[in-house]
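*Asks:* Take a look at the letters that make up each chain.
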Amino acid sequence: MTAILEIHNLRKTFDGVSALDGTSLSVEERRIVSLIGPNGAGKTTLFNLVCGFLPSDGGSIIFRGVSFAGMKPHHIAGLGIGRTFQDLRLLRKVTVLDNVMLAFQHQAGEGVLRALAGWKTPREERANIQEARGLLEFVGLQGKAQDLAEALSYGQQKLLTLACCLAMNAELLLLDEPVAGIDPDTSQRILHLLRELRDEGKTIFLIEHNMEAVRAVSDFVVVMDEGRKIAEGTPEAVMQEPAVLEAYLT
Amino acid sequence: MGQVLANGLIAGSAYALVALGFAVIYGTTRFFHVAHGAIYTAGAYITYALAVLCRIPLGVAIPAAVILSCVLGLLTETVIYRPLRRKYAAALVLLIASLGLYVVLQNAISLVFGDDIKSIRSASVQEGFNVLGARITLVQLVTLGVAAALFVATGLLLGRTRLGKALRAVASDLELARVTGIDTDRSILFAFGLGSALAAVAAILVSFDVDMTPTMGMNALLMGVVATIIGGIGSIPGAAVGGLLLGVAQHLGVWKIGSQWQDTIAFAVLLAFLLVRPQGIFGRKLRKAEI
Amino acid sequence: MDYLLHVLILIAIYSILSVSLNLISGYAGLLSVAHAALFGVGAYIAALLALHFHANFLVGILCAAIGAGLISLVVAAPSLRIHDDYFVLATFAFQVIAFGVMNNWIGLTGGPMGLPGIPQPTIFGVVISSHAQFLVLAAGFAVIAALLVRRLVRSPFGRVLKAIREDEVFAQSLGKNVMLYKLQVFAIGGGLAAVAGALYAHYITFIDPSSFTVTESIFILAMVIVGGSGSIAGSVVGAVLLVSLPEALRFVGMPSSVAANVRQMLYGGLLVVFMMFRPQGILGEFAFHRK
Chain A
1 MTAILEIHNL RKTFDGVSAL DGTSLSVEER RIVSLIGPNG AGKTTLFNLV
51 CGFLPSDGGS IIFRGVSFAG MKPHHIAGLG IGRTFQDLRL LRKVTVLDNV
101 MLAFQHQAGE GVLRALAGWK TPREERANIQ EARGLLEFVG LQGKAQDLAE
151 ALSYGQQKLL TLACCLAMNA ELLLLDEPVA GIDPDTSQRI LHLLRELRDE
201 GKTIFLIEHN MEAVRAVSDF VVVMDEGRKI AEGTPEAVMQ EPAVLEAYLT
Chain B
1 MGQVLANGLI AGSAYALVAL GFAVIYGTTR FFHVAHGAIY TAGAYITYAL
51 AVLCRIPLGV AIPAAVILSC VLGLLTETVI YRPLRRKYAA ALVLLIASLG
101 LYVVLQNAIS LVFGDDIKSI RSASVQEGFN VLGARITLVQ LVTLGVAAAL
151 FVATGLLLGR TRLGKALRAV ASDLELARVT GIDTDRSILF AFGLGSALAA
201 VAAILVSFDV DMTPTMGMNA LLMGVVATII GGIGSIPGAA VGGLLLGVAQ
251 HLGVWKIGSQ WQDTIAFAVL LAFLLVRPQG IFGRKLRKAE I
Chain C
1 MDYLLHVLIL IAIYSILSVS LNLISGYAGL LSVAHAALFG VGAYIAALLA
51 LHFHANFLVG ILCAAIGAGL ISLVVAAPSL RIHDDYFVLA TFAFQVIAFG
101 VMNNWIGLTG GPMGLPGIPQ PTIFGVVISS HAQFLVLAAG FAVIAALLVR
151 RLVRSPFGRV LKAIREDEVF AQSLGKNVML YKLQVFAIGG GLAAVAGALY
201 AHYITFIDPS SFTVTESIFI LAMVIVGGSG SIAGSVVGAV LLVSLPEALR
251 FVGMPSSVAA NVRQMLYGGL LVVFMMFRPQ GILGEFAFHR K
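Chains as they are written, first to last, in our numbering: chain A, 1 to 250; chain B, 1 to 291; chain C, 1 to 291.
Looking at chain A on its own, in the form it has when it is part of the complex (with noise of 0.2 Å):
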C-alpha cells in the first residue's frame, strides 16, 4: 500500500511555543487512520498545517508526491483533500442543500463571466442538485434539505459537513473530532459511513479523543504528545503501550 500524505519533521511555533516539534508520520491510502494524544499534543495544529491554513516553519508536506509547501488552503483543498473542523465549521443562515452545493469542485457559473451569461449554469445546477440531494441521502439527510443549516443538531450538521466532503470529491478526508459530542445513534451512524467510504477507496485521517470509536473504526492509530509522534500501530497495540498511557496522565 503506498503513503497518500507523508509528513516528514514537520515543525511549527508560536509566538515561542513549540506546538509541532518535528512530527513525521505516513497515512496509507485507503485505511482509517487515527491520530490521537492528550489536548495540546498539536494535532489540529498539524491538520491546520497539511491544509494550508498554516504555514510550517520547517519539514514536509507532500500528497501524493506533490508537496505542499506555501500553497494557499483553496489549492490545496482543490487537489482532493477534504477537511471538517474541530469548532463544526459551516454555514448556519444557509441551506443544508446549499452547503454541500458550494462544495463541488470545478462550478462553470461560480465564475463571474458564465454567472453574469448564464447559458450553461442552470443546467449544471440542476444536475448538481440532483448529485447533493444524493449525497445528502446517502449520509442519512434527505428531508432536510431546505432547512437551515442552523435548524439541525449538532450530529445532523457533522453529517452535513461530511456530506460537504464528499461533494468535493475528496481522495483524503481529515476530519477533526467527526464524532465528539454527538448522541450514539449518529455517532454509529458517522462510523459507519466511513467504514464505507473508505470502502469505496477514500482515505480517511481523523483526529478524536474517544477512544471506543478509535477502536471501533481505525485501521491504524498514530499517536502525538508534546509535537511529536510518541507511537503508531494497530488501536490494540498502541494502547498499550506504556508511553501512551504515560502521555495521557501526566
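Some hints here could point you the wrong way.
What follows is a list of derived Cβ distance ranges for each label pair [claimed, not checked]:
hint, chain 1, residue 1, chain 2, residue 2, range
1, A, R123, C, G140, 58 to 66 Å
2, C, V143, A, Y154, 44 to 52 Å
3, A, Y154, B, V152, 52 to 60 Å
Please keep in mind that the hints were generated in silico from the structure rather than gathered at the bench. Glycine residues also receive a C-beta, built at the ideal position from the N, C-alpha and C atoms.
Chain A is fixed; fit chains B and C onto it per the hints.
*Replies:* Just chains B and C, lined up with the frame of chain A:
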C-alpha cells in the same frame, strides 16, 4: 533639509498623539473607534468656545476642554458601544455605529460653530527660534515637548499603575482578564478617557499652529490610523514611531514633489507597509483568520 | 414637477451606488468606505473625456467603469492581505487620499473649483436635454445595474460570496479562491459606482470634489445598511429613503445652510440607531456577524 525634517517631526508628533489615543482604545476594545476623529475636533472647539467665546483664560480653558472631551469620549462608550458589546455585536457593527457617530458629531460642531476657520491663537505670527539650523516656533516646540511628555506619561501609566496593568491585560485577552477578576468595563472606560484626552490635547496643539475647522478631525484620524498601522496595531512605541515616520516621510515628499501630494504620500506609505510588513514595525504577525 | 423629476433622477443614480456597494459590503461582507471615491473617479473620467476629447457619452461611461474597476483592483489587492477588519481602514485611507488628489491636482481636476461645462449626454444623435429624458436614461442604467447584481448574487458565484461573508475559512476549505472573489466583487462594485459617477457628471454638468468625500461614502453606506445588507430591493429602498428625506427637509422650511448639516446628522443617526436595534436593515439578512 533640516527645516523639512523639523517640520516633519513636529507634524509627526501630533500624528503620534492621535495614534496613541486611537491605539489605546483599539487595544482594549478591538474595533475602530472612528468617532475618535470627532472627539479630537471637539477638543479644539470646546477650547475655542471657552477661551474665545466665554473669555475664560487659556490656562483654565485648555484643561477644562480636555476634561470635557474626555467626558464626551466616555459617553460614546457608555451610551453606544457598551450596549452593543452586551449584545455581542460584531466589530464591524461597532465600526459602522462609530462612523455614524462621527458624522453626527462633526455636523453638530459645524452647526454650532460654522464651517469657517476658527482660531485660538492670541499673538500674531511668531518668528520662532533657530534650532540646529531649522526655524521652530514656540508653539511647535511646545508641541514636541508635550507630545514627548505625554508618551512617557502614558507609558508609565500603562506600565506601572494598577489601572494601567489591568488595561494591558484586557488588551491582550479580554476573556482571560475578566476571568481573573479584572473589571473589564472599567478598564475600557479608562481607555476611552485616556484616548480622548490625548486626542483633545493633540487637537489643541495643532490648532495653535494652524487654527481649526470642523473637518480637521477627519484628516487627523486618517494620519493617526496610518501611523497606528505602520507602527503596529496595538503597540504604544509603534504609535510614536509610526507618527514620527509618517510626518517626516510626508514632509520630505512634499518638499520634493509639492504639497498637493501630501495625502497621497500618506497613502503610499500605508500601501508600502501593507505590502511589505502589514503588521507594522512593532506589531505581532497578524493571522488572516483565527483558526 | 421638474423638482420631482430631479429627485427621481438622484434616486436612480444613488440606487446604482447603493446596489453596487451592497454587492461589496452586504453580499461579500467587505465593508468599504471608499465608494464615494470610486463614484468620483467615474465622474472625473467621464467629464475629462467629454471635455477634452469630446468623447461619446457611452464611450465615456465605459472608460469610467473600466478605469474605476482597475483602480479598485489596485487598492484592494494589497489591502486584502491584512486581516479583514483592517480592510475598512485601507478603504478609508484610499477615500481620503482620492479626495486629496481630486482637490489638489488642479491641473487635471480643476481642484476645488471643479470641472464646469460638462456636456449633456448624446445617445445615437439624440441630446438628452430635459429632466424627463435624463430620468429615462438614469433609470435605465439603474435597472441594468440592479439586474446585473441580482443575476450575480443568485448564481453559484453569489453563493460563494455568501459563504465568504459568513465563514471564509470554510469557503477556502471547500476549494474557493476567496481572494479572487473579493477582488472581483470590489472591481465590479467600483465599476458600477463609476457608471453612477458618469451619469452624475453629465446630469449636473459640473463636478467638484465636495461631492465625493468620506461623509458621502458613509451616506451611501447608510443607504445599504438602512435598506438592508444583502438585499437588492433593500438597496433601492435605502436610496429612496435617504435621498427623499433630506429633500423633505426643505419643505419644513429649514434654511439651506443648516439643512446640509441636519441631513448628514440624520443619516449618521440612522446608522447608529440601526446598528443598535436592527443591524440587518429593513429588508436585509446580513447583520455583519462573522466567524
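*Asks:* Now tell me, hint by hint, if it's right for this structure.
*Replies:* Results of checking the hints against the structure:
no.	hint	in the structure
1	A:R123 <-> C:G140: 58 to 66 Å	violated, 31 Å
2	C:V143 <-> A:Y154: 44 to 52 Å	holds, 45 Å
3	A:Y154 <-> B:V152: 52 to 60 Å	holds, 53 Å
Violated hints amount to a single one, hint 1; each of the other numbered hints is respected by the structure.
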